[in-house]
Amino acid sequence: METLIIIDQAPYGGFSGREALDMAFSLAAFDQPVSLLFTGAGVNWLRKGQMPDEIYQKSVEKNLSAAPVFGIEKLLADETSCLRYNLDKEDLPAGVVVVDTDAKVIASFTQVLFAG
Amino acid sequence: METLIIIDQAPYGGFSGREALDMAFSLAAFDQPVSLLFTGAGVNWLRKGQMPDEIYQKSVEKNLSAAPVFGIEKLLADETSCLRYNLDKEDLPAGVVVVDTDAKVIASFTQVLFAG
Amino acid sequence: MSDAPDNTFSLVITGAPYSSQAPQTALAFAKAVVDSGHLIDRVFLYGDGVHLASTLIAPPSDELHLPHAWSEFLTEHKVPAVACIASALRRGLVNQEEQDRYELGASNVLPAFEIAGLGEWVESNVKSTRTIYFHAGS
Amino acid sequence: MSDAPDNTFSLVITGAPYSSQAPQTALAFAKAVVDSGHLIDRVFLYGDGVHLASTLIAPPSDELHLPHAWSEFLTEHKVPAVACIASALRRGLVNQEEQDRYELGASNVLPAFEIAGLGEWVESNVKSTRTIYFHAGS
Amino acid sequence: MSDFHTLHILNKPPEHPRFAECLGMSSSDDALLLIENGVLALASPERLSDRKVYALSPDARARGLTASEGLLDYTDMVSLTLKAERVISW
Amino acid sequence: MSDFHTLHILNKPPEHPRFAECLGMSSSDDALLLIENGVLALASPERLSDRKVYALSPDARARGLTASEGLLDYTDMVSLTLKAERVISW
Chain A
0 METLIIIDQA
10 PYGGFSGREA
20 LDMAFSLAAF
30 DQPVSLLFTG
40 AGVNWLRKGQ
50 MPDEIYQKSV
60 EKNLSAAPVF
70 GIEKLLADET
80 SCLRYNLDKE
90 DLPAGVVVVD
100 TDAKVIASFT
110 QVLFAG
Chain B
0 METLIIIDQA
10 PYGGFSGREA
20 LDMAFSLAAF
30 DQPVSLLFTG
40 AGVNWLRKGQ
50 MPDEIYQKSV
60 EKNLSAAPVF
70 GIEKLLADET
80 SCLRYNLDKE
90 DLPAGVVVVD
100 TDAKVIASFT
110 QVLFAG
Chain C
0 MSDAPDNTFS
10 LVITGAPYSS
20 QAPQTALAFA
30 KAVVDSGHLI
40 DRVFLYGDGV
50 HLASTLIAPP
60 SDELHLPHAW
70 SEFLTEHKVP
80 AVACIASALR
90 RGLVNQEEQD
100 RYELGASNVL
110 PAFEIAGLGE
120 WVESNVKSTR
130 TIYFHAGS
Chain D
0 MSDAPDNTFS
10 LVITGAPYSS
20 QAPQTALAFA
30 KAVVDSGHLI
40 DRVFLYGDGV
50 HLASTLIAPP
60 SDELHLPHAW
70 SEFLTEHKVP
80 AVACIASALR
90 RGLVNQEEQD
100 RYELGASNVL
110 PAFEIAGLGE
120 WVESNVKSTR
130 TIYFHAGS
Chain E
0 MSDFHTLHIL
10 NKPPEHPRFA
20 ECLGMSSSDD
30 ALLLIENGVL
40 ALASPERLSD
50 RKVYALSPDA
60 RARGLTASEG
70 LLDYTDMVSL
80 TLKAERVISW
Chain F
0 MSDFHTLHIL
10 NKPPEHPRFA
20 ECLGMSSSDD
30 ALLLIENGVL
40 ALASPERLSD
50 RKVYALSPDA
60 RARGLTASEG
70 LLDYTDMVSL
80 TLKAERVISW
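Protein chains in written order, with numbering that gives the first Met the number 0: chain A, 0 to 115; chain B, 0 to 115; chain C, 0 to 137; chain D, 0 to 137; chain E, 0 to 89; chain F, 0 to 89.
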């Protein structure tokens, strides 16, 4: 069983993205294959140089950099969303694959879910 | 002081519209002039024939019909949103005025707020 | 997948009662699962969904009491229900054990609900025919 | 309106802690109001915002404890704070009085917060120079 | 074999960003089930033209809406989730 | 006299329906203050061309964004709310 978790919410303004990441880490911890797709405002998770200390939150950039170590398989980013938010491919964290998200991408996973 | 409360959420799926109505009733109870603007998915508050018994909620249609009695001044509905949701002027509850919502409408109120 | 009995469902609720419609839709779905002869392996409350397990919700008497309606269903059909511990602690839902551990003044979790980790969700997800999510709509 | 002191603010928070950023932004704004020599007439919690008043929230120790940070601010600056009673009862926030009235097993409202009706919001709204709303963003 | 590839359960109104996301990530081999505020798409159905569309009848009734076909109750919804290869709640 | 008619405080990303509502109900005499996830509009600023735009610096920094002008702290935000005739939180 291969799971895709979609993150379409930007970080910091809400907590559902963090909760999505926790779900991904839990699946990986139990050896269940899991990938993440960032789309819509969710691609802002992938921007470099996040400094949320003044709003009393921890950087999700750091959390996300642990993803490969914890066994998350793929980190996907929706191409149109990256364009909309001015994120160039070369600026994305190492290992992130830019995709044109459509029904075929979805069909390559056994289950697809959101955290909220 | 004239207050405009904007309802842009459809009824039943969430509760912020009901909470907006409670705010309007409270202002009116303390003799503060208050009007409501329905826009976006919020115009679905104005559809006739709502029957939410099977989802265990009370009809907001009934709540809203009490608005003039409780002293709500104006009930405004955004024209573009009504078109989008196939609401004809003649189908709207009595007393609802359809407006092309722009900065001028906003400027005619002392304060403008959402319930959430 | 066939539509025949002995399919098992896992239900995940992430929307709060009296803020989203998720707990009501999930309950109607859960009743239909049981009525259709299928099994519910587990109900998992996550994110804002954990509020459904509160003992302290007191809606107006002419509104459906969702935590009580859910508790009755869970008890009647012996369906286990789990609130995610990380979500619960951040949102003020604690059982006796967490009350003691964090030295809090009270506990407020209904007896029909346990507090546990995401491992419960993973396990249920793996063994169920279908895992269905009930999110806030707005 | 001038920017000179003795302006009064009324703050309304409708977004929940650990679900929205509203309580953090509102606290930073409230501190800036006081630092600028203005007054805060009242803080009003509405809708999901009432969860900020919970005594039972226990976030991880390396995260800001928003209910405690707010309580300290309110106490230090003697700012009254009110959670809407209708929102609170639907969301499982009750003080001693409501616990007794509804025969509930516990109460869970921080001492810095009162429970009262929307009339408090109307009054504060009328007498303040500005009422500023802090909603969930998502 | 499954009746269709993916069942998309949509509980948000058409202007919600996730509504457009759902349409973008689904194909005409998929089915859409409108529930809760998602049934508001019945008031402007042209957006969904090439999809197999179902709607929860209690939610449509609640909102004063109806449809000439595809209205389901919760039991039908249970069956539908078993007919798809995968189910996504948006 | 006020410096501008209305101060719009926007805490939602550009794809949120309320973002478009806000633009539709504001005019070039108004000012926009981007806070929380609203600062993401700084990444695609062409949408806001004819408006006076401010952004909360702590929120922009948190999200790895910056702006050549209009970055404010919370104290500036307090002043701004007093300069407008009315303040709307979207």
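Keep in mind the hints are simulated off the structure, nothing from the lab.
Hints may contain errors.
Stated by the list, open to error - Calculated cross-link-like contacts (lysine-lysine; reagent style BS3-like; alpha-carbon spacing at most 25 Å):
#1 30(D) <-> 126(D)
#2 57(A) <-> 51(E)
#3 57(A) <-> 73(A)
#4 57(B) <-> 77(C)
#5 73(B) <-> 61(B)
#6 30(D) <-> 77(D)
#7 82(F) <-> 61(B)
#8 126(C) <-> 73(A)
#9 30(C) <-> 126(C)
#10 73(B) <-> 47(B)
#11 82(F) <-> 103(B)
#12 77(D) <-> 51(F)
#13 51(F) <-> 82(F)
#14 126(D) <-> 57(A)
#15 103(B) <-> 61(B)
#16 103(A) <-> 61(A)
#17 88(B) <-> 103(B)
#18 57(B) <-> 73(B)
#19 82(E) <-> 126(C)
#20 77(C) <-> 126(C)
#21 30(C) <-> 77(C)
#22 126(D) <-> 73(B)
#23 57(B) <-> 103(B)
#24 103(A) <-> 47(A)
#25 57(B) <-> 47(B)
#26 82(E) <-> 103(A)
#27 82(E) <-> 30(C)
#28 126(D) <-> 51(F)
#29 61(B) <-> 47(B)
#30 47(B) <-> 88(B)
#31 57(A) <-> 47(A)
#32 73(A) <-> 88(A)
#33 88(A) <-> 61(A)
Hints and how they fare:
1. 30(D) <-> 126(D): holds, 20 Å
2. 57(A) <-> 51(E): violated, 43 Å
3. 57(A) <-> 73(A): holds, 23 Å
4. 57(B) <-> 77(C): violated, 30 Å
5. 73(B) <-> 61(B): Distance ~17 Å between residue 73(B) and residue 61(B) Cα, so the pair holds.
6. 30(D) <-> 77(D): holds, 13 Å
7. 82(F) <-> 61(B): Violated, because 41 Å separates the two Cα atoms, which is more than 25 Å.
8. 126(C) <-> 73(A): The hint holds at about 24 Å.
9. 30(C) <-> 126(C): holds, 20 Å
10. 73(B) <-> 47(B): Roughly 19 Å between the alpha carbons, so the hint for residue 73(B) and residue 47(B) holds.
11. 82(F) <-> 103(B): Measuring from Cα to Cα gives roughly 19 Å; hence the hint holds.
12. 77(D) <-> 51(F): violated, 36 Å
13. 51(F) <-> 82(F): Measuring from Cα to Cα gives roughly 14 Å; hence the hint holds.
14. 126(D) <-> 57(A): Judged against 25 Å, a Cα distance of about 38 Å means the pair is violated.
15. 103(B) <-> 61(B): Given pair residue 103(B), residue 61(B) is violated - Cα atoms ~30 Å apart, limit 25 Å.
16. 103(A) <-> 61(A): Roughly 30 Å separates the two Cα atoms, so the pair is violated.
17. 88(B) <-> 103(B): holds, 22 Å
18. 57(B) <-> 73(B): holds, 23 Å
19. 82(E) <-> 126(C): Within the cut-off at roughly 18 Å; holds.
20. 77(C) <-> 126(C): Cα-Cα ~18 Å, so holds.
21. 30(C) <-> 77(C): holds, 13 Å
22. 126(D) <-> 73(B): Within the cut-off at roughly 24 Å; holds.
23. 57(B) <-> 103(B): violated, 35 Å
24. 103(A) <-> 47(A): Status violated; Cα separation ~29 Å.
25. 57(B) <-> 47(B): Holds: residue 57(B) and residue 47(B) sit about 14 Å apart, inside 25 Å.
26. 82(E) <-> 103(A): holds, 19 Å
27. 82(E) <-> 30(C): OK: residue 82(E) and residue 30(C) at ~19 Å, within 25 Å.
28. 126(D) <-> 51(F): violated, 29 Å
29. 61(B) <-> 47(B): holds, 10 Å
30. 47(B) <-> 88(B): holds, 12 Å
31. 57(A) <-> 47(A): Status holds; Cα separation ~14 Å.
32. 73(A) <-> 88(A): Roughly 16 Å separates the two Cα atoms, so the pair holds.
33. 88(A) <-> 61(A): OK: residue 88(A) and residue 61(A) at ~19 Å, within 25 Å.
Taken one by one, the earlier hints fail for this structure at numbers 2, 4, 7, 12, 14, 15, 16, 23, 24 and 28, listed in ascending order.
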